[in-house]
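Asker: Model the placement of chain B with the ligands on the given structure of chain A, informed by the hints.
Protein chains: 2
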Amino acid sequence: MRGLMQDVPLTIDTIFRHAEAHHGDVPIVTNSPTGPTRTTYAEWARRTRRLGGVLDTLGVSADGRVGTFAWNSARHLELYFAVPCTGRVLHTLNVRLFPEQLTYIANHAEDEVVFVDRTVLPLLWPLIDTMPTVRHVVVMDDGGDAEVPDDPRVHDYEELVAAAEPVEFDVRDERSAAAMCYTSGTTGNPKGVVYSHRSTVLHTMAVVAPNGFGIGIDDVAMPVVPMFHANAWGIAQAAPAAGAAMVFPGPMMQPQALADLIVTESVTFTAGVPTIWQGMLPHLAGRPHRLRKIGCGGSAVPPALSRAYEEQVGLPIYQAWGMTETHPVASGGTLARRYDDADAETITAQRARQGIPLFGVEARIVEAGTTDPLPWDDVATGELQVRGPWCAQEYYEADAGTELTTPDGWMKTGDVAAMDAFGSIRIADRTKDLIKSGGEWISSVDLENAIMSHPAVAEAAVVAVPSPKWGERPLACVVLKAGETATEQEILDHVRPQVASWWLPDAVEFIDEVPKTSVGKFSKKDLRARFAEFPATS
Amino acid sequence: MRGLMQDVPLTIDTIFRHAEAHHGDVPIVTNSPTGPTRTTYAEWARRTRRLGGVLDTLGVSADGRVGTFAWNSARHLELYFAVPCTGRVLHTLNVRLFPEQLTYIANHAEDEVVFVDRTVLPLLWPLIDTMPTVRHVVVMDDGGDAEVPDDPRVHDYEELVAAAEPVEFDVRDERSAAAMCYTSGTTGNPKGVVYSHRSTVLHTMAVVAPNGFGIGIDDVAMPVVPMFHANAWGIAQAAPAAGAAMVFPGPMMQPQALADLIVTESVTFTAGVPTIWQGMLPHLAGRPHRLRKIGCGGSAVPPALSRAYEEQVGLPIYQAWGMTETHPVASGGTLARRYDDADAETITAQRARQGIPLFGVEARIVEAGTTDPLPWDDVATGELQVRGPWCAQEYYEADAGTELTTPDGWMKTGDVAAMDAFGSIRIADRTKDLIKSGGEWISSVDLENAIMSHPAVAEAAVVAVPSPKWGERPLACVVLKAGETATEQEILDHVRPQVASWWLPDAVEFIDEVPKTSVGKFSKKDLRARFAEFPATS
Ligand SMILES: Nc1ncnc2c1ncn2[C@@H]1O[C@H](COP(=O)(O)OP(=O)(O)OP(=O)(O)O)[C@@H](O)[C@H]1O
Ligand SMILES: Nc1ncnc2c1ncn2[C@@H]1O[C@H](COP(=O)(O)OP(=O)(O)OP(=O)(O)O)[C@@H](O)[C@H]1O
Ligand SMILES: [Mg+2]
Ligand SMILES: [Mg+2]
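Protein chains in written order, with this note's numbering: chain A, 1 to 538; chain B, 539 to 1076.
Bear in mind the hints are in silico, worked out from the structure with no lab data behind them. These numbers were taken from a predicted model, which means no experiment stands behind them. Built from N, CA and C at the ideal position, the CB exists for glycine as well. A hint or two may mislead.
What the hints assert, rightly or not - From the structure, some residues in chain B lie toward chain A, with a derived Cβ separation under 10 angstroms:
(1) Ile553
(2) Gly730
(3) Arg736
(4) Ala747
(5) Cys929
(6) Ser962
What the hints assert, rightly or not - Here are some, though not all, of the chain A residues that point toward chain B, as calculated from beta-carbon distances under 10 angstroms:
(7) Leu10
(8) Val89
(9) Thr200
(10) Leu202
(11) Asp219
(12) Leu374
What the hints assert, rightly or not - If you want the footprint, here are the derived chain B segments under chain A, 3+ residues with CB under 8 angstroms:
(13) 555 to 565
(14) 707 to 719
(15) 775 to 783
(16) 874 to 884
(17) 887 to 901
(18) 932 to 944
Excised from the complex, chain A in its bound form (with noise of 0.2 angstroms):
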């Protein structure tokens, strides 16, 4: 039987007619070195729509891919529906790409356009020659003083907009490719991962839920994690979907900017990777704020910066996990009421974990390269797979030997995790990064939390160093807070009691700063390969 309901898509464009229609007056702020400037979703929309005239001015194929390489600002968010609503393909560009990186992905994915943030187009302009798709530089002036080249490719954002005429938006499939997204490039070459309008209005809709980031009419939403990689945590779909404002701090990203515009614009919500709360927690701590939730993820938080923000900003950190391949959201830590009256402890060590699944998505665990699922015990690790409407089934004309789906269709996250017995995840490690030491494995990430808890420790990355007779043993590269000292007798005494013994670093190095990815991770395969011919102790 049949159900008799309407067949109605599931696309990107109602995202957008709902804040035209019910959210004009509500503001969006855009950070610039000149201060602040405001608009509204009503004048936001009528931009986008425009926009979606000059994409057929600028004569991009009816699913042409429109490369953006910007920050997060009120722009940005015009290209993140004029491009879909069209039926186009947004492809954003991770402006901290390094150069062969940037060149390999805007021809992979074929960009006919690029629309280039003033401020960064010294970084992109060097190479176009090097992406012969493109036919056409679009620049948004973002407060920046770089000079424009004069050349025929080259267009000003404004002028274009106010040229064009607006168009009516109506993608009928939900299963077209909606944006293109390439992973971080952490462990090899990005891989690029193409959504779905679909995939993005269910992803939209799961972390508007309140297990997710919870974001309702209420809110003021402020995504630091940048709309240039792993479509803003959904933040930027999520936002106007909900009627929430948003805050973009454009290319003001220094702590003490990103900090004043959480108080000074009263946002609710807000969302980055662990480092950029790091460096956040002196410029907030103390000072009076809205904020209701702070999102982290894309690396493990460490504990000791969850118990920070508690004591000092007045709230924990709330961790998500996820992937580019998942959109990225794919699970949360909002804890359950079972820890109500939990102690201290308990909290902050369910507050490291990486959460259950959110609704739609479905996690397991695995022995490596079967599909048998192992206990949810906490003990056991294994590979992490998820599968919903939400995950990747391929990459983007992949590479061989880049399978991203088992055979009974799971998606292999390259994750290693646990699962307790209700299914929440602990990232034990990247399979890449785990350390096989005479057969046994040695989490990394448990290694860097225990030597992070030091009182004199900034940051501390550990790597797999080869070793003659265990094969592999773990080096710890320690970066000290500045005016702090500690001996590498003391760091290893420190993490003596909180590790098995077999664990403990063979060495401590100290360095001046972990090598970080353009998304600002912690970069091992730098440092794997910096201490590639480490002397082994044992």
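Answerer: For chain B with the ligands alone, coordinates are given in the frame of chain A:
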């Protein structure tokens, strides 16, 4: 270009598995004449899988209709999932329907089995021979003392569940039928709406959102709105999807019992029709509770009621609008931030509105019989029409003349509304309840609200009576509060300053009770019949 995301269908078994996997220890409480009984999602899930086996044992066809005739209870929740998750179609029968309507509906849907609470068995059993397709009657002992007939068709629920094997749930087609709901029959014979798995999952995600009911893992949700009508406003799916605890009133629907349950079980979210809240107010006023949101809809929420709750219970009523045909929730009245500093009068007026569409539903008002949209100026009124993936396309085997969809694909609601500049809906009336006087429309709802603000009035219903001169004129039918008095003149004097002079009712009839439909709405078709011969005064 195609999206490259997993093709995972939106089916109700994903809700089931989410609650089973991640919220096993969350309590489900059902009230009964002998006090509350308690279970958990884990136990519920085990039983629900066995109940799937029961449906096989009973020989219910692959997409057979499974009737329920039951109060809100954990067992009813088992049926809500076992039936659609095995591919069958849940058909909730309203225990308050008139016998002829019950027979009509069960035959129209061709129910193969009916699951019935023992307390209401005496209402169903005498009709059983008028329902030839019903081969089994399964009695759920909810503490009632009705005699269970000795008949081969009759089974005991617990015996069947105990004897059955658990089954796997794996629905593949999201557009297949999941449930049937018949409309209240306020305006004629009930009409059958067929929900799909897809529409159910999307409606679930919509009501979970903060702008809907906002249900999360911290909540204790108590649907007072019956599971036997209008899909319990989606709460029976939303709570498991959110991991919220559930509290079911069972047959204990007396205001005192409901209020006690809210207090003793720490209910945080509840929902029901206005008459429920009207009756419960004295029992809830001044008591300690943990309520966060009270949902109300099904008919207009009198401003006086919402104000009384704010004053005496400490939180206003959240008004939602919808229809069986919209699953049922389509719009809701969460106030936008523009009303943050509004005066009390403005806020009362806003709360009296039916609010803006939930994200996913679009609404318009049109000149009756056309597809010409009317302006959103809060003055123009026309037929409200909606569109979205949880709006019905057509009725199940509809009678001639019940066309639900316009030529351009919008659902006709039969409600007359105005919309303000932000698309907030203000229902003026049902098309069939409007009073046409001298060629102009008078809203019965507005007159009722004006009358009900008189301190001596308990209930008021205004209906059209024939007038030789004007076509129709309004007649006010008024129920006074116990122990209060008021004259016709006093009522009219109270109303006069609130409405246009030609709206003033021709007469006031004092009656003992407003006749109600099976779901507690004013049954104006009954009042119209009673006063059809009312002597014309103008
Ligand atoms: N809350 C979290 N805790 C621990 N790790 C996390 C968390 N959230 C995300 N991650 C890590 O980030 C990964 C997803 O990151 P992303 O999609 O940005 O690219 P990447 O995996 O870093 O890069 P690449 O796949 O190109 O190597 C996850 O697979 C996981 O390893
Ligand atoms: N918040 C509300 N304010 C005013 N009216 C409401 C509200 N919510 C629902 N309604 C009314 O209830 C109707 C939907 O009710 P339901 O689907 O239960 O059946 P019914 O319309 O009463 O019965 P039938 O269609 O069989 O005559 C709406 O069309 C509207 O008239
Ligand atoms: Mg990855
Ligand atoms: Mg109706």
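Asker: All the hints need checking, so say for each whether the structure fits it.
Answerer: Hints and how they fare:
no.: 1; hint: Ile553; verdict: 7 angstroms, holds
no.: 2; hint: Gly730; verdict: 9 angstroms, holds
no.: 3; hint: Arg736; verdict: 7 angstroms, holds
no.: 4; hint: Ala747; verdict: 5 angstroms, holds
no.: 5; hint: Cys929; verdict: 5 angstroms, holds
no.: 6; hint: Ser962; verdict: 8 angstroms, holds
no.: 7; hint: Leu10; verdict: 7 angstroms, holds
no.: 8; hint: Val89; verdict: 6 angstroms, holds
no.: 9; hint: Thr200; verdict: 9 angstroms, holds
no.: 10; hint: Leu202; verdict: 8 angstroms, holds
no.: 11; hint: Asp219; verdict: 8 angstroms, holds
no.: 12; hint: Leu374; verdict: 14 angstroms, violated
no.: 13; hint: 555 to 565; verdict: holds (count 8)
no.: 14; hint: 707 to 719; verdict: holds (count 4)
no.: 15; hint: 775 to 783; verdict: holds (count 4)
no.: 16; hint: 874 to 884; verdict: holds (count 3)
no.: 17; hint: 887 to 901; verdict: holds (count 5)
no.: 18; hint: 932 to 944; verdict: holds (count 4)
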